[in-house]
Amino acid sequence: MFFIPGQLITWLTFPGVIVHEFAHQLFCKWTKTPVLDVCYFRVGNPAGYVVHENPRDLKVNLLIDIGPFIVNNILGILLTLTASLAVFTFESGDFMDYFQIWLGLSILMHSFPSTGDAKALMAAMKETEGQALLKALCYPIIGLIYIGAFGSVIWLDFIYASAVALLVPQLLVSLFV
Amino acid sequence: MDSENSYGSCQMCGREHRHSGEYDLPVCDDCRNSLLARPFPKWILFFMILILGISVFSLVKLPSVLAYGIAYEKGQQLSQEHKHVSALQQFEKVAKIFPKSAEIQFRLYESYFENGRIDEAYATLDKLIAINEKPDGSFADKVNAITDKMDLYYTANEGFYQLSDQIKDMTLEEQLEKIETYIQTNQSDILAIYSLCDLYYEMERYTDIEALLEPKQESFPDWKLGLNTLIPVKRELGKYDEAKDYYETLIALNVEDPYAYISAVKVELKQKNDAKALELAQKALALSPDDSYIQGVMAMVYYYLGDEKQTKQYLEKFNAAKDVDQSTSEFINSIVSGQLVWR
Numbered sequence: 679m680f681f682i683p684g685q686l687i688t689w690l691t692f693p694g695v696i697v698h699e700f701a702h703q704l705f706c707k708w709t710k711t712p713v714l715d716v717c718y719f720r721v722g723n724p725a726g727y728v729v730h731e732n733p734r735d736l737k738v739n740l741l742i743d744i745g746p747f748i749v750n751n752i753l754g755i756l757l758t759l760t761a762s763l764a765v766f767t768f769e770s771g772d773f774m775d776y777f778q779i780w781l782g783l784s785i786l787m788h789s790f791p792s793t794g795d796a797k798a799l800m801a802a803m804k805e806t807e808g809q810a811l812l813k814a815l816c817y818p819i820i821g822l823i824y825i826g827a828f829g830s831v832i833w834l835d836f837i838y839a840s841a842v843a844l845l846v847p848q849l850l851v852s853l854f855v
Numbered sequence: 024m025d026s027e028n029s030y031g032s033c034q035m036c037g038r039e040h041r042h043s044g045e046y047d048l049p050v051c052d053d054c055r056n057s058l059l060a061r062p063f064p065k066w067i068l069f070f071m072i073l074i075l076g077i078s079v080f081s082l083v084k085l086p087s088v089l090a091y092g093i094a095y096e097k098g099q100q101l102s103q104e105h106k107h108v109s110a111l112q113q114f115e116k117v118a119k120i121f122p123k124s125a126e127i128q129f130r131l132y133e134s135y136f137e138n139g140r141i142d143e144a145y146a147t148l149d150k151l152i153a154i155n156e157k158p159d160g161s162f163a164d165k166v167n168a169i170t171d172k173m174d175l176y177y178t179a180n181e182g183f184y185q186l187s188d189q190i191k192d193m194t195l196e197e198q199l200e201k202i203e204t205y206i207q208t209n210q211s212d213i214l215a216i217y218s219l220c221d222l223y224y225e226m227e228r229y230t231d232i233e234a235l236l237e238p239k240q241e242s243f244p245d246w247k248l249g250l251n252t253l254i255p256v257k258r259e260l261g262k263y264d265e266a267k268d269y270y271e272t273l274i275a276l277n278v279e280d281p282y283a284y285i286s287a288v289k290v291e292l293k294q295k296n297d298a299k300a301l302e303l304a305q306k307a308l309a310l311s312p313d314d315s316y317i318q319g320v321m322a323m324v325y326y327y328l329g330d331e332k333q334t335k336q337y338l339e340k341f342n343a344a345k346d347v348d349q350s351t352s353e354f355i356n357s358i359v360s361g362q363l364v365w366r
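Chains as they are written, first to last, in our numbering: chain A, 679 to 855; chain B, 24 to 366.
Where hints are given, some of them may not hold.
Said to hold, decoys possible - Here are some, though not all, of the chain A residues that point toward chain B, as calculated from beta-carbon distances under 7 Å:
1) 685
2) 710
3) 712
4) 713
5) 732
6) 735
7) 757
8) 855
The hints are simulated quantities; they were obtained by calculation from the structure and are not laboratory data.
Where is the CB? At the ideal position from N, CA and C, for every residue including glycine.
If we strip away everything but chain B, and leave its shape as in the complex, we get (with noise of 0.2 Å):
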């Protein structure tokens, strides 16, 4: 017998056998081998087949699935970082491939608030409500904070929109004299002190717009309509450091609204640091390129910096859009003309 191998019987066969001592199951070499050769049964590889076909499936998803998780969360970010307009567009992509997503709806109206296009905000609170009737509690808290900042902000008391029927062909004045007596009783109608203050901006009283606004906006520091009446009310008024402060705080609400810009730009032409008035003017118009009254601002402030060429390029754009109202044009057209000396 060889010493350094031992015979016996395989345990499967029975044949005699060489058994090396090198695997631990004593079977011979043409048994091993079929053990080896063991197939996987039809109905295992069909099986298998199906889950690889279902995760290859999976794979070819995988980039278009991975672009809508990518945007949803890019949508996140810039929300958080206050940019609201980007935020609403990466939103809109994902709401295409998933309209019936609550959450993402819930993305798409905060970001209509945020961007102040209340009507879209509406109407996607209804495709909410419609998708998502009885939603859990912390979901409906998230919901209903942006619905009550809407209602406050951009809806009026039923009392106040009869009685704007009844005054709409009254004077000015008496139009003044009932909503001032409304407000009386209405305090909290902030939309209406809102509407009081724009009849009052048109009258020049910048100091009773003060006096109504300023104790609102405390009361709510994110009111875009109070920020937007007090930047221009405070600049007239000369008041640059509070008018400031105010557009700093209206910038910060939406880094990419270029209309918080534009009010700043005309904080800063009055006084007359137009170098920083240009800086905001291209801000807004890389925000906007297209928007015919950032294009007049722009013909403004290259007016004041002496540019004439790009005043009349400015000017030439914004005359030539139709979107324009005659009020805005008039304005901008006797500046750069010089008809109309605004500093």
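Okay, chain A solo, but in the shape it has when bound (with noise of 0.2 Å):
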């Protein structure tokens, strides 16, 4: 493993970035909860953020923080599907390929929900009482979101894109098989 900047990689990935604060933005718009300020990308530490009202419920407070997980993921696997076995597997990609690649990888990179929506999590999850199976469901997805977090520092988020890139197209492929 190598280090290179995050800021770096923050740049060379940042539609994941836009994709990631969307995502937030467009699920409170969706659970109609009031966004207060949003900067979809700029350099700095957090690369994004979309400051929005905490919401009483849970499962809202669930939902806006996974928000990114599901488009991330959805739209990374939409542009990768297509151009992973082209450029992965018969190394005869051409630009459009490696752009949606690159494109793919980027937003892929960008889809775990980051310590600040694990910490609102855990401060939704005090607030509120009984729930105890949302409450449940909520701590490993923390945990996920925290390991997701220090793991990108040994290019786990780089991995985990890269694994669904190679592996969902694969996937597709040997259900018709």
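Dock the two chains into a complex; use the hints.
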């Protein structure tokens, strides 16, 4: 593993950051949660953010937090689905295929919610009474968010993105063979 | 003051409003609604439309790309099952779309070799080298493994080609003597050995062929030319069990090779296992329904089964074909007419 500054990675994968924040805002809209401020991309840490009201409903909180995971994965998979076979299996991609791979990987790499999202979810869990089943679901999600966040130091986000880009098309093909 | 609600200033506009406690953010309804209606910036909408557009473009391409992915996977599966004719068809489909893929050209190369289409195999090797001049270790190993076999099984040493040129106008006996002398000092030139055995076969020197070919076949169990020669040799020598072992080996190498089944048909016919011969012949015919030689062999099988109608039907097709060589035509016609007592 070699060290590349996180900022550089973020710049190289900026579409993923934009889509991540867009997904948060989109889910805020859908759950009628007011958004106070949005930054889709900037130089700094975090590279993007969405400031919204803290929903009282734990379900809404969860949905807003995992919004990027849903949206980024769907878009990332769609983008890499066809290009992956051309580039990785047949090593015969054209410019558009490589562009799709870069775009798809960038978006997939930013599919994990941030530790800020995890903290907001933990705070919402503390304030919520009952809903034991939902809280039980939130704990592993929070765990995965932290694993994803710390794992990015060892390229876990890239490994995840590559695995999805490589394996999903193969899986689809194997369903029909 | 209402005991269920509190009043306070809106955090945004400062107006007095009733804070119901339902929401975390202390803003009035108007401000809440304006926050909810916060639009996406135009550039974000444009950006997301672009992303979605490319995603849709990818989705539109999906059926065709998936078809090639499936063809490639099927081809690999078929290849593992030794169904090399069908595997080749799948790889050819993919190669039309990805002609510059070294992986696909390698699969084609391998399939042409397994199907005995050696000229096309060598042509594909040239394409492969043009695409990938400096392949990595494992890829080069795969290619070289096949190239080594092709050179061994289908290419004689330069010395043999020169010899062939020199002896082409000599008598059969003189040719034999020259080739036999050559082979004494070129035991590794198995194509030369095969060529000698070809001459021996014309002279019905079956035991000499056995002595020369069997050790080589043991060293190179997937050498098809050797198998194709040993099967009829064992058959003519009456060593039917050994012939059967060899034809089963040949079929196993490529279960879609119709001529492997035809070799087997003749072994079974010699033993008067006509029903078994018919079963094998029908497999060959299913694989290559328009092949005139196979139709001729079908005529033979039905002749021995006593089915005059089918014999006549297949013989007519065989005789109408323009690609049948004279000796084969004479052979089959003479058996079916009863002139040649083959068994």
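(request) Of all the hints given earlier, name the ones this structure violates by number, lowest first. (result) 1, 6
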